[in-house]
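In the order they appear, the protein sequences are chains A and B.
Using numbering that gives the first Met the number 0, read the first sequence as starting at 0 and increasing by one per residue.
Using numbering that gives the first Met the number 0, read the second sequence as starting at 0 and increasing by one per residue.
Derived from the structure by calculation, the hints contain no laboratory data.
In this text, a Cβ means the ideal position worked out from N, Cα and C, and glycines have one as well.
Check before you lean on any hint, since a few could be wrong.
Said to hold, decoys possible - Part of the chain B face toward chain A, derived, beta carbon under 10 Å:
1) Met-0
2) Thr-1
3) Ala-2
4) Leu-5
5) Arg-9
6) Arg-13
7) Glu-72
8) Asp-73
9) Met-76
10) Asp-77
11) Leu-78
12) Ala-80
13) Ile-81
14) Arg-213
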Amino acid sequence: MGGSVSHDLPHRHSRSRCRCRSGISGCVVGLTVIDLACARGGVTVLAGVRLTLPAGRALVLRGPNGIGKTTLLRTVAGLQPAVSGRVQADPESLTYAAHADGLKAALTARENLAFWAAVHGQGGVDAALTALNLTALQDRPAQHLSAGQKRRLGLARLLVTGRPVWLLDEPTVSLDAASVALFAEVLRGHLAQGGAALIATHVDLALDEAAVLDLTAFRAQSRSHGGAFDEAFA
Amino acid sequence: MTALLLRDLRLATRAGGGFGLGLAFFLLVAVLVPLGVGPEPALLARIAPGILWVGALLACLLSLDRIFALDFEDGSMDLLAIAPIPLEGVVAVKALAHWLVTGLPLTLLSPVLGVLLHLPGPGYVWLVLSLALGTPALSMIGAFGAALTVGLKRGGLLLSLLVLPLYVPTLIYGAEAVRRGVDGQGAPTALLLLAGLTAGAAALLPFAAAAAIRVNLR
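Here chain A stands alone, though its shape is the one from the complex (with noise of 0.2 Å):
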């Protein structure tokens, strides 16, 4: 398990599974992504992105609405197939938090935790709630969460899958100050023991951490609706 994985997309699971028990520093953490194109139904949104992350960095996305973060974290993350470009990282390495959490409604916080602790065979569900101040929340149905907790559950998640390079999709979506302090810190955490992260967000985490990237400039040109449609009978 020398250097990182080179995959083209759309990636599949290597059966070569990255234990990462020890901490997160057996794996191959890192993220480079090769002039990568990616497209939502069907229409490219984003063309010729270029980015490196390594160990122990974040990079902030910015851009518009609509511009294309999402469909750029879901491609990086192998949810779907990139138009062309290459995604190279360890597949084991990746995880994904978006506006849904994946919370189950009828489980307890420490009951959903410790799902997804189980399915990455991992452990630290108590260090997960107390990182995100959930402890006295843990026998809550996370039914009866607000959804500023459910977000703080979704986002310890994150910690207890052990994968080092989080992807992350709005983060601090309905977290109040305190919240966004404390997740804040936690990425601070997570970095300083060589993860690393991709955020698309409108706040300002204040990490001294991270670069940000303006995707304006790979906005894809000319493929808009009905685009062949129109040349077609021109």
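Go by the hints and put chain B onto chain A.
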């Protein structure tokens, strides 16, 4: 994988999980049929294998759209797709969980309903055996249909239309096994074909269903 199975079973048995819904439906079908066709024992005995099999099949259909739709809506499917367990395994485990909360209880309840429908004595063993061998195929085929329709809003009806024709062979061999068992003429042949259908579905459909989910996640 075990964690996923336990979670699905726990979700099914908690409030709002829908456990028992299919079972109650199965019971109602078996109670309504004698009311509809009249209480003649000879007639009921003749149609009992078919009615019980159709009832089990429809009860199974009732909860199919929940297999993946709930996980799809709350984002769990995205996270499971990038989790260390292969998506084919996720599909197989979820189909197994579906069978454990619908097919297995249906199988266990069926002798009681056989009494309601005047199923002749030799038929009970074959009824339980045929349901035990056939209902896993219903869950697996259903999981494939659910995977195909998972991205659709209100895909339930389309799911039924897709899946019911695929249930035909299972229904034919299942009901035939019970009928032959009642008549005492070589039920094992039909049972073997039924077991073959289940084995084939369990071996091939997880891959097809996982491929369908990957497409629907885009």
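Right, here's what the structure says about each hint:
1. Met-0: Status holds, d = 9 Å.
2. Thr-1: Holds: closest Cβ of chain A sits about 8 Å from B:Thr-1, inside 10 Å.
3. Ala-2: holds (3 Å)
4. Leu-5: holds (8 Å)
5. Arg-9: holds (7 Å)
6. Arg-13: holds (4 Å)
7. Glu-72: holds (7 Å)
8. Asp-73: Hint on B:Asp-73: holds, closest Cβ of chain A at ~5 Å, below 10 Å.
9. Met-76: Holds, because the Cβ-Cβ distance from B:Met-76 to chain A comes to roughly 8 Å (cut-off 10 Å).
10. Asp-77: This interface hint holds because 6 Å falls under the 10 Å limit.
11. Leu-78: Because about 4 Å separates B:Leu-78 from the closest Cβ in chain A, which is inside the 10 Å limit, the hint holds.
12. Ala-80: Since chain A brings a Cβ to about 6 Å from B:Ala-80, closer than 10 Å, the hint holds.
13. Ile-81: Holds, about 6 Å.
14. Arg-213: holds (7 Å)
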